[in-house]
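Visitor: Using the sequences provided together with the hints, build the complete structure.
Chains as they are written, first to last, in our numbering: chain P, 9 to 231; chain X, 9 to 231.
Calculated from the structure, these hints are not laboratory results. Even for Gly, the Cβ is constructed at its ideal location relative to N, Cα and C. You may find that some hints are simply not true.
[Claimed, not checked] Just a sample of chain P residues kept apart from chain X, beta carbon distances all over 12 Å, derived:
| # | residue |
| --- | --- |
| 1 | Thr22 |
| 2 | Ser86 |
| 3 | Lys90 |
| 4 | Leu108 |
| 5 | Glu141 |
| 6 | His161 |
| 7 | Ala213 |
| 8 | Glu216 |
| 9 | Gln217 |
| 10 | Leu218 |
| 11 | Gln221 |
[Unchecked claim] DSSO-like mimics (lysine-lysine), calculated; alpha carbons at most 27 Å apart, straight line:
| # | chain 1 | residue 1 | chain 2 | residue 2 |
| --- | --- | --- | --- | --- |
| 12 | X | Lys90 | P | Lys157 |
| 13 | X | Lys157 | P | Lys157 |
| 14 | P | Lys90 | X | Lys219 |
| 15 | P | Lys219 | X | Lys145 |
| 16 | P | Lys90 | X | Lys90 |
| 17 | P | Lys145 | X | Lys219 |
| 18 | X | Lys145 | P | Lys145 |
| 19 | P | Lys28 | P | Lys219 |
| 20 | P | Lys224 | P | Lys157 |
| 21 | P | Lys90 | X | Lys145 |
[Unchecked claim] Going by beta-carbon spacing under 10 Å, a handful of chain P positions derived as facing chain X:
| # | residue |
| --- | --- |
| 22 | Lys14 |
| 23 | Val18 |
| 24 | Thr54 |
| 25 | Gln61 |
| 26 | Ala64 |
| 27 | Glu92 |
| 28 | Ile97 |
| 29 | Arg149 |
| 30 | Pro150 |
There are 2 protein chains.
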Amino acid sequence: MSENNKQKAVLSVTEDIRAKILDGTYPEGMALSQVDIASTYQVSRTPVREALQILAGEELVEIRDTGRATVTTISPESFLEKCELRALIEVKLLELSIPLMGAEDIAKARELNESLKKCAPEEWTPLNYLFHEILYKPANRPLMQNVIKDLHHRHYARLKSFILSHRNTPRSLREHDELIDRCERQDIEGACYALESHIMMSAYALAEQLKSQQLKRRQTASL
Amino acid sequence: MSENNKQKAVLSVTEDIRAKILDGTYPEGMALSQVDIASTYQVSRTPVREALQILAGEELVEIRDTGRATVTTISPESFLEKCELRALIEVKLLELSIPLMGAEDIAKARELNESLKKCAPEEWTPLNYLFHEILYKPANRPLMQNVIKDLHHRHYARLKSFILSHRNTPRSLREHDELIDRCERQDIEGACYALESHIMMSAYALAEQLKSQQLKRRQTASL
DNA sequence: TACCAACAAAATGTATCCATTATGGTTTTA
DNA sequence: TAAAACCATAATGGATACATTTTGTTGGTA
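Guide: This is the structure in structure tokens:
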């Protein structure tokens, strides 16, 4: 066979459920029954329960004291605060990075932004993270970088549909270009300010969308 | 009976192992065998496995791809970076808090610092966290506050023995007093600077101790 | 002595079984 | 009719049994 499919059940189940939560297949609030998942993946409940604990630790599912697991919901308030945190840390990373950046880092960033300009909508979120990752790498702060990665992957990724519908990517790309220019000029203050705006502007817009959608959903539910 | 002892096994096992890791009963690198734990708590391996997954999510234990679980180790580098992150977020919280502080917040902070002056060594870590928590409450940033709480509880607490041996608490208490004064005077910049020094100074001292102890331990091990 | 193979012991991974608890609908009663 | 009690169903929590993998040891060979 071409590859080794014999991965531990816990891992593959965890990965698959995580992916389905992130891409919206399992929507907010959906009940995750151990027996259903077990029969879906043709495994026993034992690995399923461990997978749910792992995902609960990632705040993707919530396990109530009755034992029932559901997909967590994203409140506009907590989303905004996550963006604030993201901005705080990313600005710090950028501030530490800029003095240590070499020409090749700038070149890589430009290259990635070009890829972003041409990429399919599906690829946007991961490529966007890679772009930011390159900018922060010189700072050499693996832990902070990891926090950012988590915020991007575990949380931001769940809003992909919003991001796509918002269609602010052209502006994002322009802002990326500006950011790179400022880095190249070693304009730390300007770059940090640009980055903070870049993050928080889209944050407010997305939070508004979130709010109005949840309002709509609640109205539909009460019919 | 005075209380309901019938808690779920997963929870009580998780809590107990967590406490033992934090207080050093289970030291860095110690192997956590499922069967041993199960027999220790008189439960089957099923809840033990879930508990280990939860603790792995908290980065208190590491589960290797062989399935073996061990208590995670704290490298001086990662400790310093955690302190940097802590300082970054706490300074932000303080900056947001000060303009919203009332007289009763200041009073509470003073009160807590007085308790700190008189408290037993055992009580220092949790009380110290409470002191900081009060200062950040007006900022109304539950998520950031939670990150800070985690950093304090899950990580800082493991260094209790170092903190005690370091005996820098008198200076800490003076710094706390100064911090409160600056808050009362609405001296945002000064307070933030004082807080950052307060955190990072002890961070560097602790990191040095960590380094020398790990060096000593490695030398002893190689005998 | 150093290295490798084979085997034995121990630990983990998963499935299945039973006990307990929560849930939803039905019936009963005020 | 509305609310409370009850029961049947379904789901979770934990224990046990078995399969698989890992690890350590022993014995043999160069």
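Visitor: Which earlier hints turn out false for this structure, listed by number in ascending order?
Guide: 1, 2, 3, 14, 18, 20, 22
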